[in-house]
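A.B. asks: Residue numbers (my numbering): 42 to 171.
One or more of the hints may lead you astray.
Label pairs and their calculated CB-CB ranges [to be verified]:
1. Ser154 / Tyr91: 44 to 54 Å
2. Val144 / Arg93: 42 to 52 Å
3. Gln148 / Val95: 45 to 55 Å
4. Tyr90 / Glu51: 21 to 31 Å
Simulated from the structure, these hints should not be mistaken for lab results. Here the structure is a predicted model, which is why all the values come from computation and not from measurement. Yeah, the Cβ is synthetic: ideal placement off N, Cα and C, and Gly gets one too.
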Amino acid sequence: MEVQSQLIAEALSALNSLELSAPVTVGNAGEGDEWIALTPSGGAEEAVYYNRRVLSGLELTFRCRSATPATAYDSLYAICNFLRCRQYPQYGEGYDWLNTAIVSYPQYDEEKSDPENVIYKAVVKCTVYF
């Protein structure tokens, strides 16, 4: 769980340096008219090596509410592309963030939306070795 917290903290600090429609926060929903929320899901082990280090995938779901659909899409695409194309530092202690893949490109979120609150989401998967 510590690795997940470190990864999320690093992703948030990097993402908040981008020019997005709203700052990225951790949680299920933001406040106000425009927000971007990050919801992590539990990591799934992909491989365990002989030295007991683990290769794990952690899915991060980004939900965005914005004044216009175009702004929401632009913000979510910027997040996905930034995380996918980023050079990840290799940490000596804790974990190595190997890569990020886009699981679900920005799309309308039927599950969380209603007529008054139109929400879009995108999902990325971070591969971590710890």
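A.B. asks: Of all the hints given earlier, name the ones this structure violates by number, lowest first.
C.D. replies: 2, 3
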